[in-house]
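As given, the protein sequences belong to chains A and B, one line each in that order. Quick note: the first sequence, position 152, residue 152 per this note's numbering, numbers continuous. Quick note: the second sequence, position 10, residue 10 per this note's numbering, numbers continuous.
Simulated from the structure, these hints should not be mistaken for lab results. Hints are supplied without guarantee of correctness; some may be wrong.
[What the hints assert, rightly or not] Pairs of lysine-lysine residues, derived as BS3-like cross-links and limited to a Cα-Cα distance of at most 27 Å, are as follows:
(1) B:Lys160 with A:Lys62
(2) A:Lys245 with A:Lys193
(3) A:Lys62 with A:Lys294
(4) A:Lys62 with B:Lys145
(5) A:Lys305 with A:Lys62
(6) A:Lys332 with B:Lys145
(7) B:Lys39 with A:Lys305
(8) B:Lys39 with B:Lys59
(9) A:Lys332 with A:Lys305
(10) A:Lys332 with B:Lys160
(11) A:Lys193 with A:Lys305
(12) B:Lys160 with B:Lys39
(13) B:Lys145 with A:Lys245
(14) B:Lys39 with A:Lys62
(15) A:Lys245 with B:Lys160
(16) A:Lys294 with A:Lys245
(17) B:Lys145 with B:Lys160
Bear in mind that the values here come from a model prediction, so they are computed numbers and not experimental data.
Each chain, written out:
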Amino acid sequence: MTVWPDQLAPTEAEFDTVDMTINIGPQHPATHGVFRMVLTVDGELVVDCEPYIGYLHRGLEKLTETADYRQAMGWWDRTDYLAGMCCEFAYCDTVERLAGFEVPDRAQYIRVIMAELSRINSHFMFLGAFGADVGSFGTSFIYGWRERERIYDLFEEVAGDRMFPTYIKVGGVTMDLPENFESRCRWLIASIKQGIEDLDGLLTGNEIFVERCRGLSPMSTEEAIGLGITGPVLRATGIPWDLRKAEPYGIYSQLNFDIPTGRNGDVFDRYFVRLSEMYQSVRIIEQCLAEMPKSGLVLNPDLPKTLRITDAEVYVRHEGTKGEYGVFGMAKGGTNAYRMKLRSPSFCNLSALRRMVVGSYVADAVIILGSLDIVLGEVDK
Amino acid sequence: MSKAASLPYVVTPQIPNARLADALGAVAAQFGATLGQTKSDVNLDVPADRLRDLVRTLKERSAFQFDYLRNMAGVDFGEEGMAIKYQLYSFRHGHTLQITVPLPPHNHPHASVPSLVEFYGAADWHEREAAEMFGIHFEGHPNLKNLLLEEDLHIHPLLKAHPLQKAEIKQGIEDGPAGFNF
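With the rest of the complex left out, here is chain A (with noise of 0.2 Å):
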């Protein structure tokens, strides 16, 4: 280092920083879609976060207000559209709960598998994606994109679609499981499981990843609670609070699995959760295909042709792939929702980012902004 003379020696002032406003997105391949932040940044430092949302906004509700239960519901596995599935179970779950039909035995469990092999299917991006912010390249994706694109060969065979399949129906499902379908589900779950524990080898296993990712951003439950954030990220903070356990929808409490929790809230906490939670899942899936009804109806029969609903309202929540996938719903007569909300996991999630963010570097908001897993779909709606 050059020792200068004192009169040259550098000042106090000169070392002093301007605040620079960096914006990122709305395309740019670290915000996972169409999202926009400004960060204003003191050298390479994060003095404040401002997120700019609605680049994918389609206005789901007032479309879903124009036209019939049965076809609104295409719009919404467009939400989170890594788990299609997940979507159309809670939706169906909102128009079954304000009409009251019952859902036939058979088609609960094929639901349980499909929703269960969406959030499979949605944290396989989510390591993917998560590896490639961090820096394992592409590795990671093409990891987990294997997996992927055997589930959704799957979900082709079994509805006619692989991302938007509409294949669960208000009432049931559309039709009965392929002949081969069980056998095929058994090969794919070994697949998944091999899958998971490459991906696990590949990121757990790697010194820098882990490095990167622990300690950066820790949060506690009381905080998260307040600040709406549901799904891995909560469970990331320790509370083991699942809502296929706490409040339980469709055949869930039947079904025995755990509930992977994190101890800090930091992102390798929220990584480690969703990794954990991959295992559960396979867990419930194998369960439901030696416990499923072998044959049976797969729709209510009772269903009238057009659907209309007398004054009702409802607060229907499931567990999304990325937290708590609310649909409030109210009808009023007539055969269209008068009302639908949807309360999206990520747009809450999202909604956090500003105080996550603000304190860390540069380079790491770009890994907690994927830490959070955010689907642009669901949170601009």
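Fit chain B to the supplied structure of chain A, relying on the hints for placement.
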């Protein structure tokens, strides 16, 4: 991995709504609220001017401890007015409550509600969304600008009177904000 044992939170299945309704009876009388029931939760109808006091009581009293604002939904009834539905949840007791605040129709000078940001950080974006979608004013909200819509677009799409089609955005007009041209 789990440290559930050391936590003050009890994650239990929901307490039967009937018991919650009993406990809420006295609170409802105190704040001029009426008890009801939706298909999923106990409902409490409360006038807008008593909302803040009610929520403070519900959050702080140990029998309730509603520490989590799970959802907030505006509803428009056209000429009959509007309403806001809040869903609160208590992590310590595991029960859910819906609060309904009836409001006058859109454009009425009293179509405003006190903001709940001081109680729940989660209320921030929920209120911004309801403000732009329904034109409801939230008194005391620190930053009530558009969230999902274009920043200078002053329309309220979720009002029943707002048309779905035949609408076209006119932007860059000198003499006013961007709006709809029918």
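Comparing the hints with the structure gives:
1. B:Lys160 with A:Lys62: 9 Å, holds
2. A:Lys245 with A:Lys193: With Cα atoms ~23 Å apart, Lys245 of chain A and Lys193 of chain A stay inside 27 Å; holds.
3. A:Lys62 with A:Lys294: 40 Å, violated
4. A:Lys62 with B:Lys145: The hint holds at about 20 Å.
5. A:Lys305 with A:Lys62: 23 Å, holds
6. A:Lys332 with B:Lys145: Judged against 27 Å, a Cα distance of about 31 Å means the pair is violated.
7. B:Lys39 with A:Lys305: 23 Å, holds
8. B:Lys39 with B:Lys59: At roughly 24 Å apart (the allowed maximum being 27 Å), Lys59 of chain B and Lys39 of chain B satisfy the hint.
9. A:Lys332 with A:Lys305: 18 Å, holds
10. A:Lys332 with B:Lys160: Given that 27 Å is the threshold and the Cα spacing comes to 13 Å, the pair holds.
11. A:Lys193 with A:Lys305: Violated: Lys193 of chain A and Lys305 of chain A sit about 42 Å apart, past 27 Å.
12. B:Lys160 with B:Lys39: 24 Å, holds
13. B:Lys145 with A:Lys245: 37 Å, violated
14. B:Lys39 with A:Lys62: 23 Å, holds
15. A:Lys245 with B:Lys160: Given that 27 Å is the threshold and the Cα spacing comes to 37 Å, the pair is violated.
16. A:Lys294 with A:Lys245: 26 Å, holds
17. B:Lys145 with B:Lys160: 22 Å, holds
Violated hints, listed in ascending order, are 3, 6, 11, 13, 15; each of the other numbered hints is respected by the structure.
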